[in-house]
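Mind assembling these two chains? They're in different frames, but the hints should get you there.
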Amino acid sequence: MYKTMFLSRIWGSKEVLKREVRRNPYTRGELSLVSVIRSKDPLKTVKASIEELGGIEKIIEPDYKVLVKPNVGFSDSSADTSPEVVGAILSILKDIGVKDITIAESAVRGSNTTYNFRVSGIEQVAKKFDVKLIDLKRVEKKVKVLTGNRAKKLKTITTYPIVYESDVIISVPRLKRHVEAVVTISLKNMMGILPDMDKAIFHLRGLHQCIADLNTVFKPDLVVVDATEVMTRRGPQGGDLVKTDTIIASGDPVAADLIASKLLFELEGTTNPMGKAMNVKHIKLAEEVGVGTADPNSIEVIYRRL
Amino acid sequence: MNLLKRLSIILTRSVLYPVFLKLLPKRAVVRPPGAINEKDFLRKCARCGACIVACKNMGSGVLVSCTVHDGILMYGTPKLDTSRAYCEIVLGICEERQPCIEACIYGVLKPVKGVVKLGYVEWDSTKCIQVKQGGCLVCVEVCPMGAVEVGEDRRPKFDKEKCIGCGRCVYACPASPKALRLVPRTFLL
Chain A
98 MYKTMFLSRI
108 WGSKEVLKRE
118 VRRNPYTRGE
128 LSLVSVIRSK
138 DPLKTVKASI
148 EELGGIEKII
158 EPDYKVLVKP
168 NVGFSDSSAD
178 TSPEVVGAIL
188 SILKDIGVKD
198 ITIAESAVRG
208 SNTTYNFRVS
218 GIEQVAKKFD
228 VKLIDLKRVE
238 KKVKVLTGNR
248 AKKLKTITTY
258 PIVYESDVII
268 SVPRLKRHVE
278 AVVTISLKNM
288 MGILPDMDKA
298 IFHLRGLHQC
308 IADLNTVFKP
318 DLVVVDATEV
328 MTRRGPQGGD
338 LVKTDTIIAS
348 GDPVAADLIA
358 SKLLFELEGT
368 TNPMGKAMNV
378 KHIKLAEEVG
388 VGTADPNSIE
398 VIYRRL
Chain B
22 MNLLKRLSII
32 LTRSVLYPVF
42 LKLLPKRAVV
52 RPPGAINEKD
62 FLRKCARCGA
72 CIVACKNMGS
82 GVLVSCTVHD
92 GILMYGTPKL
102 DTSRAYCEIV
112 LGICEERQPC
122 IEACIYGVLK
132 PVKGVVKLGY
142 VEWDSTKCIQ
152 VKQGGCLVCV
162 EVCPMGAVEV
172 GEDRRPKFDK
182 EKCIGCGRCV
192 YACPASPKAL
202 RLVPRTFLL
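Here the protein sequences come in this chain order: A and B. Numbering of the first sequence is given in this note's numbering, commencing with residue 98 and proceeding in unit increments. Numbering of the second sequence is given in this note's numbering, commencing with residue 22 and proceeding in unit increments.
Just so you know, not all the hints are guaranteed correct.
What the hints assert, rightly or not - Okay, derived cross-link-like pairs now, PhoX-like style, lysine-lysine, Cα gap no bigger than 25 Å in a straight line: (1) A:250 x B:199; (2) A:238 x B:181; (3) B:153 x B:181; (4) A:225 x A:191.
For the record, the hints were derived by calculation from the structure and aren't laboratory data.
Chain B extracted, bound-state conformation (with noise of 0.2 Å):
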């Protein structure tokens, strides 16, 4: 019986888990900084949820659990939400301390040192307050790092360089839909 259960795990670790990874589908999210390449993430982190509470009671609560939308294998990890906050770990009250990786005990979240690249905007031109009316610019004023500039046309260009996505222009966009989304650096499996 033991060593049913033994040969399972070894099975299931070794060639379904694997399989799983590669065929069913999943969407591409962004994790909380600090967090380790996405094949170790799914294989490590617990689903516990304690970045998320930590989030929510010391930070600004934009951590969320991905939903099953997100696909069977991420349900319960967590995702930045930048519909309801923002990141605060750059020129924000994280700044010091991060919630969030201090609450992970299986080591997904790695404590960071400097500036922490989360990610980086997308635009979408159709849209865009701006480019159908006029009168809106909130992602240029936002921007603690310059990395939204006003071209001549008065449209707003995104230095994908610059751009740590900590998702400030995401939440302040005043279009419905956002006219801007927050999109991973590196999401390879």
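Same shape as in the complex, but just chain A (with noise of 0.2 Å):
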């Protein structure tokens, strides 16, 4: 009883919304770029890696609804994403006059939003910068939203309106290694939209293939992955800590993983990096349904050191 209560709250709705997907602006003809720069200083880094691709103007325009999406899954600062980072990219976003910008996210089911906003710091970078801050799960009211026609396992996604109005979602994840979903970056970071139920669909139904699907709408349209301390070996939490001072941005969330993920399995010591980053399953699966591209040939990587 409290069980179809519960269900008919979250599907009771039968309007279905529809999104669009826009295409990644940061390209070189057929390539897709993606900057990876190194140095001490994060705001200098942060900057740096955006405008090595084009610069923000290229997504954001002033009156639009900018929705900042960090991982704040874990109520342990060594697994969130760094302040110092989020707080660089609210900076850029303020400089060019954005009004209406939003961090938001419902953490792991089974931790509390709330406490790990305090906690990580992002709370604290959210006063600084006067910007929402909005824990999802404290959100009453859902949207469905209709995923992409190529998507295989999922025909709708249950999220909530603030994500779903908003017009550029700019993904801040951390890179960090994952029990199940072998590594945790931007594509797995947009789980971080969805309701405490939904997320047990996911692994009920495979996880791999959902992730994929998810990002068929929920596509973010700028990936700014945390690399300044990677965790390897554990995850995503209580992991072997290894600092890189490195942040990898891009307009592709699967050029933006794999590179990421190369780079993480550089750290571990892997004999064929490279390889092995291609063979994440959702990875390989958002590339089938269209999301970006995990083609090395077809990628553009910029490194600098400043």
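This is the structure:
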């Protein structure tokens, strides 16, 4: 009885909405750009990485609604996106005059998002830049959105109105290892816009395919991977931390994930890091459903050290 | 009359109550943090429900009152229901202030310090999604204590010593019925 009431509350509305996914603007000819910048100062690094791609003005205009989606899934600051990187992105957005900025997250099942914001330091950053900070788990209203026509397992995705109404999604994941999904970067980070009930369905139906299907409709327009401290060997919490001071940015989430996971496997000392990165199932499946490109020959990587 | 009343109270407390405690069936439930031993708990707890209301308003809402199915004597006492939430006393909002313990005026829930062990988790391999079809391991993902490890056969292994019984993995388990169950550490009567 309780369960059916709960289900009807989530799936009660019959209205199914549509969302248009924009094409990746950061390309050179046919190649999608990925920038890998190394420097001690996070603010400089993030600025340089976005400028190398072609500037943030390509995707954002001042009157847009911008959603910044960090990874604040755990109540452990070593497993969350560092506040400096989030702060750097917010300051870049404020510089070009964006007014409507939201930071939103729905943490892992069995973790309190409000507490995580406080522990990881995101709350202080949000206060400093005066942006909206939203714990999605406390939002009652939900909407159903149709997935892309190439999605295989999921037809609709249940999410929150704030996420659906945003014009631009900026994903700020942290480069980490994951028990089941092998790596957790920008594609897996988008699972943080779902209610608790739907996360369980992802695991029941097959995680890798569902992550790929989710990204056909909620594809991040800009990915800034926080690889300042990389979590290797174990994850998503309690792994070995390696300091690299790297920021990886791209407009193509699949390409960014491929290059980032290559870096992760290099740090672990794997013999063929690129081959292992290409074998990560959800990256491969995301390419199949048309989210981005996972072919090293159609990606141009810009390495720089400041 | 007064004497009769007094006698009956003495009789109930000394003879009938211990007999009922022994004879009536009880289900082992997990008590809120800081609970005293079960025998005194049942005797002292007034079944006022203050801790349950406090948990609902200020905490995560994990506490519910026991039903008659848990035992007639248990009726009204607080227990952890991990199907609706999890206990936030470790790495959660209740770390600094414990609303349930503050709400108790009968001395049933005593103030706690450091790591609180509420119970431990039992795993049923026949219901586990990871064993049946693979692709889950949510329990490993969410454990804040690192008490769940993945073996070489890609199955979760639960460390009873490290487990504190917060119930995060039980709440997060996507299987239906749940493959995990929270069990109290001591339930002596």
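Status of the hints after comparison with the structure:
no. : hint          : verdict
1   : A:250 x B:199 : 24 Å, holds
2   : A:238 x B:181 : 39 Å, violated
3   : B:153 x B:181 : 24 Å, holds
4   : A:225 x A:191 : 12 Å, holds
When the structure is compared with the earlier hints, a violation turns up for hint 2 alone.
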